[in-house]
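Enquirer: Listed below, chain by chain, are the residues.
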Amino acid sequence: MLKQYSFDKTAVQTFDAQTSLALKTEDLQVFYGTNHAMHDANLAFPKNQITALIGASGSGKSTYLRSLNRMNDTIATVTGKIWYHGVDINEPNVNIYEIRRHIGMVFQRPNPFAKSIRENITYALRANGVKNKTELSERIEKSLRGAALWDEVKDSLDKSALSLSGGQQQRLCIARSIAMAPDVLLLDEPCSALDPISTVKVEETLLELQKQYTIIIVTHNMQQAARISSQCAFFHLGHVMEYTPTGTMFSNPQIPVTQDYISGSFG
Amino acid sequence: MNAKRKDMIATVIIDLIVAIVVGILFFLLAYILIKGLPHVSWSFLTGATDSFDGTGGIGVQLFNSFYLLVLTMLISIPISLGAGIYLAEYAKDNWRTSLIRSAIEVLSSLPSVVVGLFGFLLFVVKFKIGFSVISGAIALTFFNLPLLTRNIEESLSAVSRSQREAGLSLGLSKWKTEVGIILPVALPGIVTGVVLSAGRVFGEAAALIYTAGQSAPVTNFADWNPMDAASPLNPFRPAETLAVHIWKMNTEGLASNAAALSAAASAVLIIAVLLFNLGARVLGSYLYRRVTASK
Ligand SMILES: Nc1ncnc2c1ncn2[C@@H]1O[C@H](COP(=O)(O)OP(=O)(O)OP(=O)(O)O)[C@@H](O)[C@H]1O
Ligand SMILES: [Mg+2]
Chain E
1 MLKQYSFDKT
11 AVQTFDAQTS
21 LALKTEDLQV
31 FYGTNHAMHD
41 ANLAFPKNQI
51 TALIGASGSG
61 KSTYLRSLNR
71 MNDTIATVTG
81 KIWYHGVDIN
91 EPNVNIYEIR
101 RHIGMVFQRP
111 NPFAKSIREN
121 ITYALRANGV
131 KNKTELSERI
141 EKSLRGAALW
151 DEVKDSLDKS
161 ALSLSGGQQQ
171 RLCIARSIAM
181 APDVLLLDEP
191 CSALDPISTV
201 KVEETLLELQ
211 KQYTIIIVTH
221 NMQQAARISS
231 QCAFFHLGHV
241 MEYTPTGTMF
251 SNPQIPVTQD
261 YISGSFG
Chain W
1 MNAKRKDMIA
11 TVIIDLIVAI
21 VVGILFFLLA
31 YILIKGLPHV
41 SWSFLTGATD
51 SFDGTGGIGV
61 QLFNSFYLLV
71 LTMLISIPIS
81 LGAGIYLAEY
91 AKDNWRTSLI
101 RSAIEVLSSL
111 PSVVVGLFGF
121 LLFVVKFKIG
131 FSVISGAIAL
141 TFFNLPLLTR
151 NIEESLSAVS
161 RSQREAGLSL
171 GLSKWKTEVG
181 IILPVALPGI
191 VTGVVLSAGR
201 VFGEAAALIY
211 TAGQSAPVTN
221 FADWNPMDAA
231 SPLNPFRPAE
241 TLAVHIWKMN
251 TEGLASNAAA
261 LSAAASAVLI
271 IAVLLFNLGA
281 RVLGSYLYRR
291 VTASK
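Residue numbers (my numbering), protein chains in the order written: chain E, 1 to 267; chain W, 1 to 295.
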């Protein structure tokens, strides 16, 4: 028998006016048809920090994350506000393609294009009008370095991206995202298909990247959340139950449901 | 009887069935080639047919078959590409889409004779185009379109959803994602389908008897202006194809060596179709290596 927790008892932090925020949602709700998958999510993400979203399977982490860059547009109904640089990007008339260039995304399964490593990075850039050869090769090098992949692939940029290992593919996907020069990076369990060594590489990459980007990462791995994130949000059955600095979340969770989840005595 | 024994018997039976199928195919091929090839010569391949008794070469028919094929593909590839992309990517899952799908299914199951007669009544008689390359090409398009559309839709749908999400998440439009990322991955499958359907079109007779016609007027192969009546490229001239020629030789061939002539023409037809099949494989895997940059 699953333990019942009250959805009224939550502990969600807010930030004072001094903290500069990259992104903030207000009463975000998501419906898949009649399935109400996300209830009133009020989260703010400080700039240049890593925020981890944790919670059991089906708790709505991906649902929430995918709403932030409007990837749920054709799948679900999303209501509420998403503030980004003072604009509510959940308005129907915002340019979603523009938004997605500013808010990049990396998926659970590495999904490089079936093209060469080089083209994986340049395809979207060229589609957006970056045609200059030197600029393109600069961007290739910069993004691959950013994703800690440059040294491994610099001599084989024209090889198929599909010939890379899973961990390399995932770092290529990260490189592909940061090549667009976004300022927020969303990652949905980016390490779940990777071995421990590749996972460490990706984590190191993310820690390095937070200097330039705001990172929101969904993870099932609590050690991972503890290792890399500064803020941590806990999701339960479509509700944000607790949102605190990561240290607090793991050492001193505020409410019973989080305590049970962290200690593993959940449900 | 234990599992291992059952397994063995099943394997033997399946092997036998496969052997029968392959055996029939090889018997047919060998029979046609052995009977026909001795009569194939350069003058047979390039010469003109005697319009009275059907003796002589098949040069014009061979040209007609290829010309009709090219014309048919020129009409049907763009249409089915559009339809396939629409169905795979843009069509919502509603009654309209399922209506379109059923329509395509029905169209693909129409007997080719019916398609031919329809083409005859509409283009040849009603629109007064007469027996012509263009009437034949349109009839063949009807016959070709559903298969190609299906093939293109399936090839596109087989590409993983995660590829689409990757494109969209980079701020690419749906169209750009489809054409720049999904289509190249699906291309080898599409090309294979196109070449295979080319083989079918090339061998089709029933749909052409009443549309492209059964006469192959001697054309002037030095005149490539499609507007000239005698030009081989003129789309309004009647154009008996190789498959129709074989059918005619066998039903009303007057020549004493009609059997040998039709055997020779059949051998040529079979070789062409085999080449299409081979070409489909080679081209498909070549393209796959090219677009995915894998060596
Ligand atoms: N495309 C979809 N269509 C309909 N319902 C969906 C869809 N995606 C998710 N859901 C539903 O939304 C709820 C939350 O799912 P979501 O994928 O966001 O969970 P999650 O926290 O990411 O889980 P996991 O850790 O397993 O990835 C679930 O009840 C799920 O059934
Ligand atoms: Mg998920």
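Be aware that a few hints might be false.
As the list claims (entries may be wrong) - Below, in silico cross-link-like pairs of lysine to aspartate or glutamate (DMTMM-like), each with a Cα-Cα straight-line distance of 20 Å or less:
1. W:K92 x E:E98
2. W:K176 x E:E98
3. E:K47 x E:D151
To be verified - Listed below are several chain W residues computed to face chain E (Cβ distance under 8 Å; list not exhaustive):
4. S162
5. Q163
6. E165
7. L168
8. L172
9. L183
10. L187
11. S256
12. N257
13. A258
To be verified - Rough simulated footprint, nothing fancy, chain W against chain E, three-plus residues with beta-carbon under 8 Å:
14. 88-101
15. 176-182
16. 197-209
17. 241-248
Keep in mind the hints are simulated off the structure, nothing from the lab. Where is the CB? At the ideal position from N, CA and C, for every residue including glycine.
Enquirer: All hints, please: hold or fail.
Expert: Hint check results:
{"no.": "1", "hint": "W:K92 x E:E98", "result": "violated (25 Å)"}
{"no.": "2", "hint": "W:K176 x E:E98", "result": "holds (14 Å)"}
{"no.": "3", "hint": "E:K47 x E:D151", "result": "violated (29 Å)"}
{"no.": "4", "hint": "S162", "result": "holds (4 Å)"}
{"no.": "5", "hint": "Q163", "result": "holds (6 Å)"}
{"no.": "6", "hint": "E165", "result": "holds (6 Å)"}
{"no.": "7", "hint": "L168", "result": "holds (7 Å)"}
{"no.": "8", "hint": "L172", "result": "holds (6 Å)"}
{"no.": "9", "hint": "L183", "result": "violated (11 Å)"}
{"no.": "10", "hint": "L187", "result": "violated (10 Å)"}
{"no.": "11", "hint": "S256", "result": "violated (59 Å)"}
{"no.": "12", "hint": "N257", "result": "violated (55 Å)"}
{"no.": "13", "hint": "A258", "result": "violated (53 Å)"}
{"no.": "14", "hint": "88-101", "result": "holds (count 5)"}
{"no.": "15", "hint": "176-182", "result": "holds (count 3)"}
{"no.": "16", "hint": "197-209", "result": "violated (count 0)"}
{"no.": "17", "hint": "241-248", "result": "violated (count 0)"}
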